[in-house]
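J.: Produce the complete structure using the sequences and hints provided.
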Amino acid sequence: MRWAFGSRARRSRREGIGAWLAAGSVALSLLALLALLALLTIRGLGHFWPAPIALVMLEDGRQLAGEHVREVPLPEGEGRERLYRTGNRDLEGSRWQWVPVSSITAVSHPPDLVVLERRRWGEAIGRLTSLQRETGERVEGEPAWAALNARLAELASLRQARDALREEIILPQVRPLEEGDEAPRLEAANARLRELQAAMQGGHLILEAVDGRRLEVPLEQARRARRPNGMSSLEKLVAWGNGVWRFLSEGPRAANTAGGVWPAIFGTVLMVMLMSILVTPFGVLAAIYLNEVAHQGRLTRLVRISVRNLAGVPSIVYGVFGLGVFVYGIGGTLDEWFFDATLPSPTFGTGGLLWASLTLALLTLPVVIVATEEGLARIPDQQREGALALGATRLEMLTRVVLPMATPAMLTGMILAVARAAGEVAPLMLVGVAKLAPQVPLDGDFPFLHLERKFMHLGYHIFDAALHGGDVEAAMPLVYATALLLVLVILVLNLTAIFLRHHLSMRHGALAR
Amino acid sequence: MPIAQQPRPPSKSAALIDFSPEASSLAIRDLSLAYGETQALRHLTLRIPRHRVTAFIGPSGCGKSTLLRALNRLHDLNDAVVRQGEVWLEGEEIHGRGVAVAELRRRVGMVFQAPNPFPMSIYDNVAFGLRLQGGLSKRKRDDTVEWALRAAALWDEVKERLRASAWSLSGGQQQRLVIARTLAVGPEVLLLDEPASALDPISTLKIEELIRNLKSQLTLVLVTHNMQQAARVSDYTAFLQDGELVEYGPTDTLFTNPRLRRTENYITGRMT
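Protein chains in written order, with the numbering used here: chain G, 1 to 513; chain P, 1 to 272.
What the hints contain is simulated information worked out from the structure, not anything from laboratory work. Be aware that a few hints might be false.
[As the list claims (entries may be wrong)] Label pairs and their calculated CB-CB ranges:
(1) Asn78(P) x Lys435(G): 55 to 65 Å
(2) Asn309(G) x Leu205(P): 50 to 60 Å
(3) His295(G) x Gly61(P): 25 to 35 Å
(4) Asp79(P) x Ile277(G): 57 to 67 Å
(5) Thr333(G) x Gln84(P): 50 to 60 Å
(6) Leu77(P) x Trp245(G): 58 to 68 Å
(7) Asp79(P) x Ala27(G): 47 to 57 Å
[As the list claims (entries may be wrong)] Listed next, the stretches of chain G that the computed footprint assigns to chain P, with coverage defined by at least 3 CB atoms under 8 Å from CB atoms of chain P:
(8) 375 to 383
(9) 393 to 407
Quick reminder that beta carbons are idealized off the backbone N, C-alpha and C, glycines included.
T.: Shown next, in the form of structure tokens:
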């Protein structure tokens with residue numbers, strides 16, 4: 001009795017440890033995921049928050065103004081060092097300055113420091129001393145700030161009008177120009193464009209850096225200006241929202257270390273959609289054949305095992321296959337047959353959207369096959385026999401009973417395929433992703449969807465900005481932001497598919513889930 | 001050659017009865033069937049009377065379900081099944097060259113052990129077979145669905161919710177729905193494979209009553225492991241053991257006065 005009691009206690013203790021272990025690993029995994037998301041969110045989204053500009057006095061009497069980026073310890077205990085983003089690359093030769101903490105005597109945040117974003121040389125930081133309007137009128141001191149903001153708003157709307165007009169003029173010129181009736185319209189548009197461009201010229205502003213040097217900036221070079229130290233939280237929030245919106249809606253600038261990622265978002269989503277359209281029918285048909293049609297013998301088992309193993313092949317191998325077969329093989333042949341006028345410059349014989357989608361479709365094919373097959377196997381044979389017993393042929397049984405019930409499983413396969421394909425970068429580098437392809441592969445130009453074009457991809461954009469950009473310090477926040485965006489894009493794609501599946505399983509009853 | 005004129009092979013079974021070819025709906029002649037190496041049916045020969053209920057009884061694994069499934073060629077799906085012998089439906093060999101298997105299965109309907117309604121509405125379940133055949137106006141189809149549901153004694157319970165999912169019905173209702181679904185395509189023979197084994201007693205009674213009522217319209221073949229059920233609903237009973245037909249006769253006689261010791265042992269529960 002006593003022995004039995006002791007044993008029970010030991011056993012329950014062991015059970016307790018098991019439960020703790022299991023709960024601990026769940027907690028650890030969750031924590032790791034949360035940490036990942038938190039890092040991406042804070043580093044990525046924090047970048048767009050207007051940071052305060054510090055005015056730093058140094059021992060030797062020098063001054064500098066900039067955004068505090070981070071502080072690191074110096075080797076061998078020689079104190080710490082701070083990195084400031086000081087801008088003014090045209091004055092200093094660099095946008096960044098390292099300062100030993102020990103040499104700093106005072107730090108303040110005067111509200112009149114201006115951060116000016118320019119088309120060339122990046123940011124300028126200093127005090128606005130005067131502004132000369134395009135009309136030649138001069139404004140000094142505080143009124144200059146208001147005048148600058150007014151002019152910047154004006155310039156933004158002018159720029160918008162110009163870009164719209166340019167599209168109208170340039171696009172027809174890319175196509176073989178039809179003579180005649182187009183010409184007068186073009187002439188008028190060109191005149192209007194020249195007018196707009198003239199209206200944007202003129203005027204300049206003087207920005208005095210904290211060390212007293214002066215920067216003369218032509219007004220048409222200025223993009224945006226703000227005084228972060230003087231901004232209220234609400235103003236900062238608006239600036240943050242604008243920054244995020246520009247990141248999402250604009251194309252990249254400065255060798256992918258600045259600007260937005262719109263072409264990359266578009267390329268990623270379009271490529272994944274094309275991939276889904278390509279992979280789902282093939283995968284589903286293959287699964288139907290394997291599970292419903294083929295004789296369940298040794299050969300079928302071998303094929304099934306092979307398919308499952310294909311899911312484990314490293315993705316770069318698929319990239320090599322895509323390059324050899326799709327790009328050089330099929331693409332090269334297509335070029336010889338249909339595009340020999342443009343040879344030797346390739347049309348389809350180089351990486352492009354179609355080949356990338358096909359390669360990823362191949363990569364995710366096993367996922368779709370396995371998921372669909374599992375769904376088919378879950379359908380009870382009684383359902384099949386029930387249909388046959390009512391006089392259905394095998395095809396009718398498949399299309400009217402089995403496939404509707406397996407639809408959620410097919411969508412599960414598609415979800416898994418999307419999740420895998422959207423994050424895949426390695427094979428894309430071989431079959432069509434580009435560092436910079438500002439033209440998205442879908443536009444108003446016949447045939448609208450340009451399958452042969454190279455495209456941008458969020459995953460590759462991260463890789464490129466992090467490692468290949470000139471200015472790593474500038475690119476890092478964008479890398480975090482892009483990574484966060486990639487996670488969100490995959491999440492949205494998955495949620496869409498899950499919503500679709502839920503909708504369908506509602507229609508087909510509980511078992512089909 | 002009509003079955004009646006063919007010489008009958010010598011049989012070990014004790015047939016208490018034989019039907020004339022005119023009175024029988026199905027005629028099974030020297031039917032053997034094997035799953036790979038396993039012999040499931042051995043040289044069965046019997047006739048099943050038209051517009052009567054015939055029950056197959058016997059211990060588990062005796063081949064009674066296998067025999068039932070041989071009557072509408074459901075074994076065709078299984079590559080491992082090897083069949084010898086013949087099954088005649090109204091004077092036509094069902095394995096013959098000219099027989100369309102889908103048409104055969106329409107004529108010989110089947111209800112399975114577990115209710116297997118499709119994941120669709122009640123209406124769509126009953127209309128499933130009708131839609132396969134096509135060529136029916138919506139009005140005609142509605143009428144047939146109602147007729148089939150009435151024939152399966154389900155109409156009053158579901159007429160208000162024909163668009164509801166069939167899976168929302170109770171087990172007994174589902175089984176009657178499956179019977180209605182089968183009746184809707186107008187079969188001549190209805191095969192029932194332990195149709196009440198998954199149901200509660202009240203649902204079972206309803207199914208049994210339904211079986212008794214349906215025999216005025218079609219031939220029913222019932223497989224059951226429940227001897228009371230066989231005694232309650234069937235007109236004729238065949239006792240199978242180890243894939244052989246042991247005894248076949250009118251239900252009353254077989255249960256009260258079996259001719260063979262093996263039958264007696266089984267029905268009195270001395271052997272399972």
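J.: Could you tell me which of the numbered hints above are not met by this structure, giving the numbers in increasing order?
T.: Failing hint: just 4.
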